[in-house]
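A.B. asks: Spelled out, the chains give:
There are 4 protein chains.
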Amino acid sequence: MSGNTFGKIFKVTTFGESHGPATGCVVDGCPAGLELELTDILSELARRRPGSGGASTTRKEDDNAEILSGVFEGKTLGTPIAILIRNKSHNSRDYDELKDIYRPGHADWTYEAKYGRRDHNGGGRSSARETAGRVAAGAVAKRLLAENNIFIRAWTAEIAGITAPGQGQADFDLDEAEKNNLHVPSAAVAACITEKIAELRLAGESAGGIVACTVTGLPAGLGEPVFEKIDALIAGAMLSLGAAKGIEFGSGFASARLLGSESNDTPLPCDLTNSKKISGGGGEHPAGFGPRGFGDRGSREGGLFPKADNVLPPHVPQLLFASNRAGGVLGGISNGAPLEFRVAFKPVPSISKQQRTVDRSGVLRELCVKGRHDICVCPRAVSVVEAMTALVLADLLLQQRCVRLFP
Amino acid sequence: MSGNTFGKIFKVTTFGESHGPATGCVVDGCPAGLELELTDILSELARRRPGSGGASTTRKEDDNAEILSGVFEGKTLGTPIAILIRNKSHNSRDYDELKDIYRPGHADWTYEAKYGRRDHNGGGRSSARETAGRVAAGAVAKRLLAENNIFIRAWTAEIAGITAPGQGQADFDLDEAEKNNLHVPSAAVAACITEKIAELRLAGESAGGIVACTVTGLPAGLGEPVFEKIDALIAGAMLSLGAAKGIEFGSGFASARLLGSESNDTPLPCDLTNSKKISGGGGEHPAGFGPRGFGDRGSREGGLFPKADNVLPPHVPQLLFASNRAGGVLGGISNGAPLEFRVAFKPVPSISKQQRTVDRSGVLRELCVKGRHDICVCPRAVSVVEAMTALVLADLLLQQRCVRLFP
Amino acid sequence: MSGNTFGKIFKVTTFGESHGPATGCVVDGCPAGLELELTDILSELARRRPGSGGASTTRKEDDNAEILSGVFEGKTLGTPIAILIRNKSHNSRDYDELKDIYRPGHADWTYEAKYGRRDHNGGGRSSARETAGRVAAGAVAKRLLAENNIFIRAWTAEIAGITAPGQGQADFDLDEAEKNNLHVPSAAVAACITEKIAELRLAGESAGGIVACTVTGLPAGLGEPVFEKIDALIAGAMLSLGAAKGIEFGSGFASARLLGSESNDTPLPCDLTNSKKISGGGGEHPAGFGPRGFGDRGSREGGLFPKADNVLPPHVPQLLFASNRAGGVLGGISNGAPLEFRVAFKPVPSISKQQRTVDRSGVLRELCVKGRHDICVCPRAVSVVEAMTALVLADLLLQQRCVRLFP
Amino acid sequence: MSGNTFGKIFKVTTFGESHGPATGCVVDGCPAGLELELTDILSELARRRPGSGGASTTRKEDDNAEILSGVFEGKTLGTPIAILIRNKSHNSRDYDELKDIYRPGHADWTYEAKYGRRDHNGGGRSSARETAGRVAAGAVAKRLLAENNIFIRAWTAEIAGITAPGQGQADFDLDEAEKNNLHVPSAAVAACITEKIAELRLAGESAGGIVACTVTGLPAGLGEPVFEKIDALIAGAMLSLGAAKGIEFGSGFASARLLGSESNDTPLPCDLTNSKKISGGGGEHPAGFGPRGFGDRGSREGGLFPKADNVLPPHVPQLLFASNRAGGVLGGISNGAPLEFRVAFKPVPSISKQQRTVDRSGVLRELCVKGRHDICVCPRAVSVVEAMTALVLADLLLQQRCVRLFP
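Residue numbers (the working numbering), protein chains in the order written: chain B, 1 to 407; chain G, 1 to 407; chain U, 1 to 407; chain V, 1 to 407.
What the hints contain is simulated information worked out from the structure, not anything from laboratory work. One should not assume that every hint holds.
[Said to hold, decoys possible] Below, simulated DSS-like cross-link-like pairs (lysine-lysine); rule was C-alpha separation at most 27 Å, straight line:
#, chain 1, residue 1, chain 2, residue 2
1, U, LYS99, U, LYS75
2, G, LYS75, G, LYS353
3, U, LYS75, G, LYS88
4, V, LYS370, V, LYS99
5, B, LYS75, V, LYS99
6, U, LYS196, G, LYS75
7, V, LYS196, V, LYS353
8, U, LYS75, G, LYS99
9, B, LYS75, B, LYS353
10, G, LYS75, U, LYS75
11, U, LYS196, U, LYS353
12, G, LYS88, U, LYS99
13, V, LYS196, B, LYS99
14, V, LYS99, V, LYS75
15, V, LYS370, B, LYS88
16, V, LYS99, B, LYS88
17, B, LYS353, B, LYS370
18, U, LYS99, U, LYS370
19, V, LYS88, V, LYS370
20, V, LYS179, B, LYS75
21, G, LYS196, G, LYS179
22, G, LYS353, G, LYS179
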């Protein structure tokens, strides 16, 4: 069936096999009048691209995206935005010997079990290459969110058991996360992980890790009960990423061991007259958060909801909370606090160390996956986590326009 | 917007506020010809119902469900199956004093922030009561899965930090999980947790916990890349549950600390001629798993895919794996191994201990939530976790009929 | 599959077999805060109910609808609105002899060809009874449209070749269409048709006819290119009605014989400063059109778009046209002129005259359909045509909130 | 909102403005294993392309389509099939003077009323150019249908009041319809219309017309009650075409004047043992119908339902009918008889004759639309009518796989 479309109003369809002619996406449902330039997309694709060092592959992905439709004189038309990204790495000879072998930890066999056939070159559609279309679409969503003063920041929180400082800790440095190839928010920890990765590469091994993500400026009210709650949609979006094995919001799995009185975030008394000014959708961003200068350049004309005051119904007070163990979600609806979640990724399944597997005839085979693969997906997953988050939020932001009689 | 429908082919729409006239569901897309009786639904609703002891509330939920349509002479017609469950607890006077107060950890304020208004009686649509419709729909899905020899078993894996034995451990007893009110797969641990819960109740506290779920008999090939992968859909389904804060598949968060060679599950050599007989969809179930004698009574006429041989394309070998760190999913597609995941739940936010909060005027209020609330959601979440899993799998099973030219 | 849901944002799912326990609907996506009372629904159901005379059956359909959810203290909550209508005519013994016979012109055989089985009592889901759920849902949609000063009026334009006066003709009397059971906008023509129907009834025959529909107050801009144009959605909605065999908009089939210069509606010069005041969404309704005093009581608080000025972007002039051959649609988008279309219905297939058909064994059978069936569907179709139109427009009205960056 | 996707399982998203860089489509949900070559698409695009004479424009549309994904070694992968068609006519200088003028009968103003802006070059997305993506997608659908022995034939039935012979009439010649540029099934009538068109061109006028379409080989059972009936979906598909103003099935509007006994198609007695062999899905096609040698080359491997016997449930007899006034549809479900419908198109709104209109300031303007436009859309609409029909049927064919417990 057709599982390549994401979203309800702000909808994205991606296409493309890893070593076919092209990958890309069609964004349908982006409102008309949004400023959008090719550089908005290129800058996001650049972040996703394998770095020259660190945990990444050295495959050259020179993503020369092209906007085929939906944008006219620098602004969206309200019609579908098709974005084309040509594949440059066509050297499929590399994969000939994998034609009849099922690589452990990969989807080679499950694709055949499902469809009866697969494109064995570079993993076809199950390749991480597929996420290029998501990132391109996410760039459009980020532009829409930026107009509303909503910004998404993801970073590498842990690789191979080495943990970066957490948000709120003294040495947590989000600007640093944009500087190093690993997207680790600490230069010292990044160095430490780099060393570990070199070691693993020599050993023919790979590593798992955790990506953390925080959204600031999010107004309260987003998320559609009961099946399309904001956390349900984010969870679905994250688990749609290749190597993701888990997600948690706020206190997450640790919540299971808290008491009720520890888990509840206490609402703070507020002055009704002034409270609206602090509201999400128009507020200040914590240090390090907010616009980053890539595709998410800020709002220029006031945004979708011109004034933050319009976000909450007039008779409802703006609540603030003494803590954020909920991770910004109550009953599946954003509560105005930062949306916070963490995604666990398994190690890259392609390792050069010898492994046992079977071929198409069911016969035992020994396999060393050649080529220069990533050691850990996290550094590159950072931009994809942001992109998928942006797609969810752009869609919910528009959906929220329809839930009240008087918007 | 309209977030009350789940699924694409096997679709469910739920309705109903906690203390309104009724809750229920409409199941659309269930194939014609499925045997379905009211008792299939009642038996699942009975499992969800608060127990007389243990961690549960003592609210009387005498669920007298009625099938309004879609079933004729004991079999489904292929038309929508509407199921009505009248609410018996209408004593909404209980909630009058909560009309203007936002309970901490609840969705009271976020519903108002979103819709501008809410039904304050018992949480309205954000109440756990809403899951009755899900469980009723899940019962229909379970019947469809049972026809295909697919069975779902969830249990309480942990409450308040007290962990039950895990699957594979000597003292893991799934039959026991059906006997005690806590759905804990060990009588000893159940006793221990019961004691802890009594303690928490006295202290006016509540507890979080973890529910584990395993699906056996699942054929390889289910899940729709790239956005509707089987784990993505399950994750979305689970995080749509009220108090869920995280989910992990297979090794889950622990995967982040494994090496590649540890994380990959090794495929086993197989004899092509015989392998199909072991396949999911027609295989044996591990001890304790399989049909439970509730609504998931087994297949009587051969099931959707009459022979397991038909599930895999004729030229694709049936693979088995030496381990299941993947939790039964590769590339978002089931690999024939049991589907395994764990869901973390936060403590019930309604506690009788005094808490600080605010009211509609933003003024500080002290609150003790009265009434007999659950201490931990896990025991009752077990049936809802199963129901949501059944909804995902029934839908994917039907979707899989459409992905190959020659089914 | 699941074809029982209609709409994208304002979504309706209907359920129920003709002689099962109940029919009804779930409306999901109706904005919160809409005033809605049970009488709004009952009054629409009353219009659909078979009259005591005229072309209608005498089956007693005493529709005691019940709102099960989604409405609290007289206003919608933003949650699903479930409406239950119990079936009173359970006397299914009437249909026993039809169990194994395929009635000509009915869906008896095609339901079996599709699903492998059917509920033979009164046509099951293929019965006109199914439309009760649509009319109930349409009543909710009409309330939403009335808040925006949009009103829908359908009437019987032709039965058995006898045509009523057309809109714009001197003797066209829309108030009369509400008075007579046939919904014919002329007392004289109604009398004439009544006579013809009596004749047909005696002869054991039935008749076809045409229903016309006009929507006034519709703002320009509704309809979603390219597949969900306003006329595409209306056409799909109308052909989903049992006996509908054709639809045409504006000049319709006659357009095929017009010249380009005759077919184009000429835009009129306008004074930019004042033009917005005449706009759809806030304008005057032609004599006889507008609110009718049933469920579509008018707007009380200013409607979804509080001022008509807000409907058009500030820099776009309000256009008026010298004619309306387009029927209110240009490029699939409403142009502010009245939406006008006509639907052709075939004769009721149940006739008492003897017909030849076959039974389940393929054997020739003679059949006289007993019972008191409608002679022509048109009089009852009027309310269903209005309901389906309301569902399309309510959905498009909400969708239009999402198409521009600055609404 | 996002109205650029069509279908539920076999889904198509089109993109592209008339004079932007490209148009195209993404087909998601096409089963894996379908033989598909670029020429299948090119041959359909060639039929849609403006002819050198007749009623068509002389704009050069040299459609060099490219398949970007989803096809591997000549067969579909089950992944999205993206098709790119570069626009060659970029000479947008032609349209500069139309920038501020609203052309009568066009969507210029309604696009601005909706989105606040438009691409004025060649009509942007409201141009007939948009249908290229539909025809490309339709070519894929036709391949799937051909595998099931289902074939679609449309032709020009009437232009400017000159009617071609109807199906069943002696001089009806479907092969001729493929030979002349007008797609008229009679050389004599084609000559007559050609003359009329020359006349209209001189007069600066345009003409409307009617396209007829017949589908043969369609099995009984397709169509999803109640909102996605086969006729409802076809009607929605046809009215989504630019100039379509009406549609009718079988006897259509003439049904309104038939008696019940005339309107009902009489089922014929059948020999149960042999009847299945005549069934749709595997039967013979009437003379002139069936495969045409373009993209709809026939089945090579037995088709989706390898034997026609499999289409009907084993206990249901195959019915044939003495007539086809229903046009192949009963209760919204195909009845195995040919699906027959007619679509009315208004005259092309672009005429060189002087017209009055207004500009962006609301001021009266005189306009002669320059350039070489089609005189009548029908000849080119023929291929688009076929394409949209193919999209509906491919989707319903796959949906039908899911409606019974035992397929």
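A.B. asks: For each hint, tell me whether it holds in the structure or not.
C.D. replies: Hints, one by one, checked against the model:
Restraint check: the Cα-Cα separation between U:LYS99 and U:LYS75 comes to about 45 Å, which exceeds 27 Å; the hinted pair is violated. For the given pair, G:LYS75 sits about 50 Å from G:LYS353 by alpha-carbon distance, which is inconsistent with the 27 Å threshold. Restraint check for U:LYS75 and G:LYS88: satisfied, since their Cα atoms lie roughly 23 Å apart, inside the 27 Å limit. The suggested pairing of V:LYS370 with V:LYS99 holds, with an alpha-carbon distance near 14 Å, which does not exceed 27 Å.
Distance restraint check for B:LYS75 and V:LYS99: the Cα-Cα separation of roughly 16 Å lies within the 27 Å cut-off, and the hinted pair is therefore satisfied. Using a Cα cut-off of 27 Å, the hinted pair U:LYS196 and G:LYS75 is violated, with the two alpha carbons roughly 44 Å apart. For the proposed pair V:LYS196 and V:LYS353, the alpha carbon gap of about 17 Å is at most 27 Å, so the pair holds. Note on U:LYS75 and G:LYS99: the hinted pairing holds, with a Cα-Cα distance of about 16 Å set against a maximum of 27 Å.
Annotation: proposed proximity of B:LYS75 to B:LYS353 is violated, straight-line Cα distance about 50 Å (limit 27 Å). A threshold of 27 Å between alpha carbons decides the hint, and for G:LYS75 with U:LYS75 the separation of about 38 Å lies outside it, so the pair is violated. Of the pairs offered as hints, the one joining U:LYS196 and U:LYS353 holds, with about 17 Å between alpha carbons and a cut-off of 27 Å not exceeded. Simply put, G:LYS88 and U:LYS99 have alpha-carbon atoms about 39 Å apart, too far for the 27 Å limit, and the pair is violated.
Straight-line distance between C-alpha atoms of V:LYS196 and B:LYS99 comes to about 61 Å, which puts the hinted pair past the 27 Å bound. Distance check on the hinted pair: V:LYS99 and V:LYS75 sit about 45 Å apart at the alpha-carbon level, beyond 27 Å; violated. Proposed proximity of V:LYS370 and B:LYS88 is contradicted: the alpha carbons are some 43 Å apart, above 27 Å. Between V:LYS99 and B:LYS88 the CA atoms are separated by roughly 39 Å; this puts the pair beyond 27 Å, and the hint is violated.
Distance check on the hinted pair: B:LYS353 and B:LYS370 sit about 9 Å apart at the alpha-carbon level, within 27 Å; holds. Distance check on the hinted pair: U:LYS99 and U:LYS370 sit about 14 Å apart at the alpha-carbon level, within 27 Å; holds. With a CA separation close to 19 Å, the supplied pair V:LYS88 and V:LYS370 stays within the 27 Å bound. Note on V:LYS179 and B:LYS75: the hinted pairing is violated, with a Cα-Cα distance of about 45 Å set against a maximum of 27 Å.
Of the supplied pair hints, the one linking G:LYS196 and G:LYS179 holds, its CA atoms being roughly 19 Å apart against a limit of 27 Å. Restraint check: the Cα-Cα separation between G:LYS353 and G:LYS179 comes to about 31 Å, which exceeds 27 Å; the hinted pair is violated.
Of the numbered hints listed earlier, those contradicted by the structure are 1, 2, 6, 9, 10, 12, 13, 14, 15, 16, 20 and 22.
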